[in-house]
Amino acid sequence: MAALFANPDLQMGFWAFVKIFIILNGMLGVVSYLIYVERKVAGHMQARMGPNRVGPLGLLQPIADVGKLFFKEEFIPAEANKVIFHLAPMLAVVPALVTFSVIPFGPEPFIVTDINVGLLLFLAMSSLGVYSITLGGWSSNNKYALLGGLRSSAQMVSYELAMGLSTIGVILMANSLSLVEIVRAQTAIWQLGPIAFPGWYVFTQPLAFGIFMITALAETNRAPFDLPEAEAELVAGFHTEYSSMKFGLFFLGEFMNVISISCVAVTLFLGGWSGPGPESLGIVWFMLKLSALLFFFIWVRWTYPRLRYDQLMHLGWKVLLPLALANIVVTALFVYWRANG
Amino acid sequence: MTEALFVGMGTAALISSLLVILHRNPVTSALFLVVAFCSLAGIYLLLHAEFVGMVQIIVYAGAIMVLFLFVIMYLNLKSDVETGIQIALRRGIGWLVGGVIGAEALWLFAKEWGVGPIVPELPGLRDPNTMAIGKLLYTQYLFPFEITSLILLAAMVGVIVVGKGRAQRPVHPAKPGPPPPRVAPPAAGLPAAPDPEAS
Chain A
1 MAALFANPDL
11 QMGFWAFVKI
21 FIILNGMLGV
31 VSYLIYVERK
41 VAGHMQARMG
51 PNRVGPLGLL
61 QPIADVGKLF
71 FKEEFIPAEA
81 NKVIFHLAPM
91 LAVVPALVTF
101 SVIPFGPEPF
111 IVTDINVGLL
121 LFLAMSSLGV
131 YSITLGGWSS
141 NNKYALLGGL
151 RSSAQMVSYE
161 LAMGLSTIGV
171 ILMANSLSLV
181 EIVRAQTAIW
191 QLGPIAFPGW
201 YVFTQPLAFG
211 IFMITALAET
221 NRAPFDLPEA
231 EAELVAGFHT
241 EYSSMKFGLF
251 FLGEFMNVIS
261 ISCVAVTLFL
271 GGWSGPGPES
281 LGIVWFMLKL
291 SALLFFFIWV
301 RWTYPRLRYD
311 QLMHLGWKVL
321 LPLALANIVV
331 TALFVYWRAN
341 G
Chain B
1 MTEALFVGMG
11 TAALISSLLV
21 ILHRNPVTSA
31 LFLVVAFCSL
41 AGIYLLLHAE
51 FVGMVQIIVY
61 AGAIMVLFLF
71 VIMYLNLKSD
81 VETGIQIALR
91 RGIGWLVGGV
101 IGAEALWLFA
111 KEWGVGPIVP
121 ELPGLRDPNT
131 MAIGKLLYTQ
141 YLFPFEITSL
151 ILLAAMVGVI
161 VVGKGRAQRP
171 VHPAKPGPPP
181 PRVAPPAAGL
191 PAAPDPEAS
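In order, the protein sequences belong to chains A and B. Quick note on numbering: this note's numbering labels position 169 of the first sequence as 169, and the sequence is numbered without any gaps. Quick note on numbering: this note's numbering labels position 62 of the second sequence as 62, and the sequence is numbered without any gaps.
Do not take every clue at face value.
DSS-like cross-link-like pairs, simulated, lysine-lysine; straight-line CA separation at most 30 Å [to be verified]:
1) Lys111(B) to Lys318(A)
2) Lys72(A) to Lys82(A)
3) Lys143(A) to Lys164(B)
4) Lys143(A) to Lys72(A)
Listed next, with one range per pair, are the computed distances between beta-carbon atoms [stated by the list, open to error]:
5) Ile101(B) to Pro206(A): 50 to 60 Å
6) Gln11(A) to Gly158(B): 35 to 45 Å
7) Phe21(A) to Ile151(B): 46 to 56 Å
8) Val83(A) to Gly8(B): 39 to 49 Å
9) Ile283(A) to Ala4(B): 29 to 39 Å
10) Leu333(A) to Ile15(B): 19 to 29 Å
11) Trp190(A) to Phe145(B): 28 to 38 Å
12) Phe5(A) to Arg91(B): 53 to 63 Å
13) Leu67(B) to Phe334(A): 32 to 42 Å
In silico contact screen, one side only, chain B against chain A (beta carbon under 10 Å); selected entries [claimed, not checked]:
14) Leu5
15) Phe6
16) Val7
17) Val55
18) Ile58
19) Tyr74
20) Leu106
21) Leu108
22) Pro128
Keep in mind that the hints were calculated from the coordinates and are not lab data. A virtual CB, placed ideally from N, CA and C, is assigned to each residue, including glycine.
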């Protein structure tokens, strides 16, 4: 028995399982309260109170909402493709969850795994996220849902390009695809005259950061890019026919994507866990930066109107893509110049 | 452990590739192709080719298959069950070609068949995988790499030309030019409206 516990493979598996359990449940908690915060912030931005009836300050509202979702009637259209109809909501959640496995939330014990293609895993999972929406829209056998699904697949495929290209500047600077290495490369403090500021890539790659955040909004189908579910024209877009917890899974997947993409943005551009104080405070810094970005997502949603479809495509292909390419060229020249004098 | 994973992913790749061609519903076929690509990516990971594995998912499963699905959904919204002489003809040709290729494969296997190790020995890599591929691409294989990009660029330009159409139409063909004046021509002081046909 003791020999079994000393087995390094088993120990690694056990600790990985513990970390996955903690992160999965932690993230589910964050999602439910992110929805609460979104409603509260939206309320205050529109001079309302937001949810304030269930529990003190309305804090029990998410629990009530999820409980209600579980007990709703589940409706499946008669002509729907049953298997794919069931598969689509699961596909909405799983890729977003897989991304969390490579995100360094803090120094050593807060990292599930550090693979040397962590950033590529994130891009791969975000590209697989398209399937949930496309398939959900197609399988419900509903014109509105189908149009929403087609729109979103076009939107996400176009914005993925600009997103992938915007991260290349960071890869060039950090000289690695591992997210842990990228954070390590940002821990230095730079002196510019009397001012000391952290070596985060948001200062050296501001254009890439801007492009990444815009494409992040588009990839997660958040306003002002929420055309796939434009309620004014498509009822509810791809999830028109979904009810009960299947709708809940789409909702969960959207917010999971928002959180995972914000985590990646913190890691790539805002220095990850680095911050003043000892390294053990890393997780606190990470969570603070993450909260700031999540607030930014909510803020944008309640500030800007929705784009028209041709504006969306124009922005993606004719503005963001060339800018991202130009950023790569400039960064590559800079890196070459720094290395070779 | 590695062997078990390899056998599992290999089986998944085989079964899903078979289902791609055996399933009647085109959308389901496309989805099984995605599964096949993902299992292939898993096999690449087992061979310590992380970069190729991830790019396999990003490019094939994430981009190309989404466009496939897009086209299938756009063109053909019902499950496509073909009958009659068409499918018999297609089946016959399929069996013929498949039989020839299968016989060739059998002949090759019979000629030199050897069971190697399931998990191949890894070449000693000094650099990380991504760096090694990058170095190879920009030194030894620079010329083929640039030729490939040129071919892709040519394809892109070709698509744009075909998509735009050959005729020299105005940008907004739906919008007709200004209607001819029905009343008397404009007063002498105003410049005449430009003739849309002149350009």
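Taking the hints in turn, this is what the structure says about them:
no. : hint                               : result
1   : Lys111(B) to Lys318(A)             : violated (56 Å)
2   : Lys72(A) to Lys82(A)               : holds (19 Å)
3   : Lys143(A) to Lys164(B)             : holds (28 Å)
4   : Lys143(A) to Lys72(A)              : holds (24 Å)
5   : Ile101(B) to Pro206(A): 50 to 60 Å : holds (55 Å)
6   : Gln11(A) to Gly158(B): 35 to 45 Å  : violated (57 Å)
7   : Phe21(A) to Ile151(B): 46 to 56 Å  : holds (49 Å)
8   : Val83(A) to Gly8(B): 39 to 49 Å    : violated (22 Å)
9   : Ile283(A) to Ala4(B): 29 to 39 Å   : holds (35 Å)
10  : Leu333(A) to Ile15(B): 19 to 29 Å  : violated (49 Å)
11  : Trp190(A) to Phe145(B): 28 to 38 Å : holds (36 Å)
12  : Phe5(A) to Arg91(B): 53 to 63 Å    : holds (58 Å)
13  : Leu67(B) to Phe334(A): 32 to 42 Å  : holds (35 Å)
14  : Leu5                               : violated (13 Å)
15  : Phe6                               : violated (17 Å)
16  : Val7                               : violated (18 Å)
17  : Val55                              : holds (7 Å)
18  : Ile58                              : holds (5 Å)
19  : Tyr74                              : holds (7 Å)
20  : Leu106                             : violated (36 Å)
21  : Leu108                             : violated (35 Å)
22  : Pro128                             : holds (5 Å)
Going through the hint list in order, the structure does not satisfy hints 1, 6, 8, 10, 14, 15, 16, 20 and 21.
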